[in-house]
Amino acid sequence: MSRLSALGRSALYRFYRLMSRHYGPTGWWPGDTPFEIAVGAILTQNTAWRNVERAIANLKQLDALEPQALVALTDAELEEALRPSGYFRQKAERVRRFTRWLLERHGGRLESLAELPLSRAREELLALNGIGPETADDILLYACGFPVFVIDAYTRRILARHGMPEALSIPYEQLRHYIESRLDRDIPLFREYHGLIVWTGKDFCRRRARCEGCPLAELPKDPTIGT
DNA sequence: GACCAGGCACATC
DNA sequence: GATGTGCATGGT
1 MSRLSALGRS ALYRFYRLMS RHYGPTGWWP GDTPFEIAVG AILTQNTAWR NVERAIANLK
61 QLDALEPQAL VALTDAELEE ALRPSGYFRQ KAERVRRFTR WLLERHGGRL ESLAELPLSR
121 AREELLALNG IGPETADDIL LYACGFPVFV IDAYTRRILA RHGMPEALSI PYEQLRHYIE
181 SRLDRDIPLF REYHGLIVWT GKDFCRRRAR CEGCPLAELP KDPTIGT
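Note that our numbering has the first sequence beginning at 1, numbered continuously upward.
Source of the hints: derived by calculation from the structure; they are not laboratory data. For each residue, glycine too, the CB sits at the ideal point set by N, CA and C. Hints are not guaranteed to be accurate.
Said to hold, decoys possible - Estimated spans, in silico, between C-beta atoms of each pair:
1. H22 / A69: 35 to 41 angstroms
2. E218 / A6: 35 to 41 angstroms
3. L118 / H22: 28 to 34 angstroms
Kindly produce the complete structure, drawing on both the sequences and the hints.
Dropping the structure here:
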């Protein structure tokens, strides 16, 4: 494997300190139950969180934020509830498939998935249609409590801007291992770190966002990386 | 009205 | 392995 440009342990912890000082605790991920977290992870695929909240609120309204109740909804009911989060036909299918699998394989309990070895739990999630690496890792970290570091578009942009340009292009797994191997294997740290990246990304790392006030503004920045 | 958002699967080369 | 496309709503 070719050597990646140097962003070492100290740089990664510095990012964390700067974001944490700016925002304080994010308490990420929002959600009252592991199942709600997992559903939110699917719904937020390529979608603004604001719109996910609307869909989640619709499911709560229907008392359907629980596996048995959710699969009991008709396709039309589920699609209508998920409509505000976009891609609603695809997502209705994905959420239903995931929930059916959770009921059949784990009695509807993410705690059961959490009892498996991490690699096995990850394989099971990735085998589901509609669950890719980021969604799987959201579920593993926030709903099951496994020590995995979630890589999202903001993670790639932030690392790329501040010393690791190849973060935009290297494969998901390679970047995940790069970071995990340089941080303490600490679940609360991984949870909060990703939360801070999401908040920083939303405020300063969207396509049109400005950099003034960014918690990472004092760091060297690659001006050629605009997003 | 154009552009974009915390992805993913599938087709094609 | 890299690149392109469909999926769809809501904010700016």
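> So does E218 sit 35 to 41 angstroms from A6, Cβ to Cβ?
Replying inline: violated (19 angstroms)
>> I want to verify a distance hint. Is the separation of the beta carbons of H22 and A69 within 35 to 41 angstroms?
In response: holds (40 angstroms)
> Does 28 to 34 angstroms hold as the CB distance between L118 and H22, or does it fail?
Replying inline: Given range 28 to 34 angstroms: holds, Cβ gap about 31 angstroms.
The structure is inconsistent with hint 2 alone, although it conforms to all the rest.
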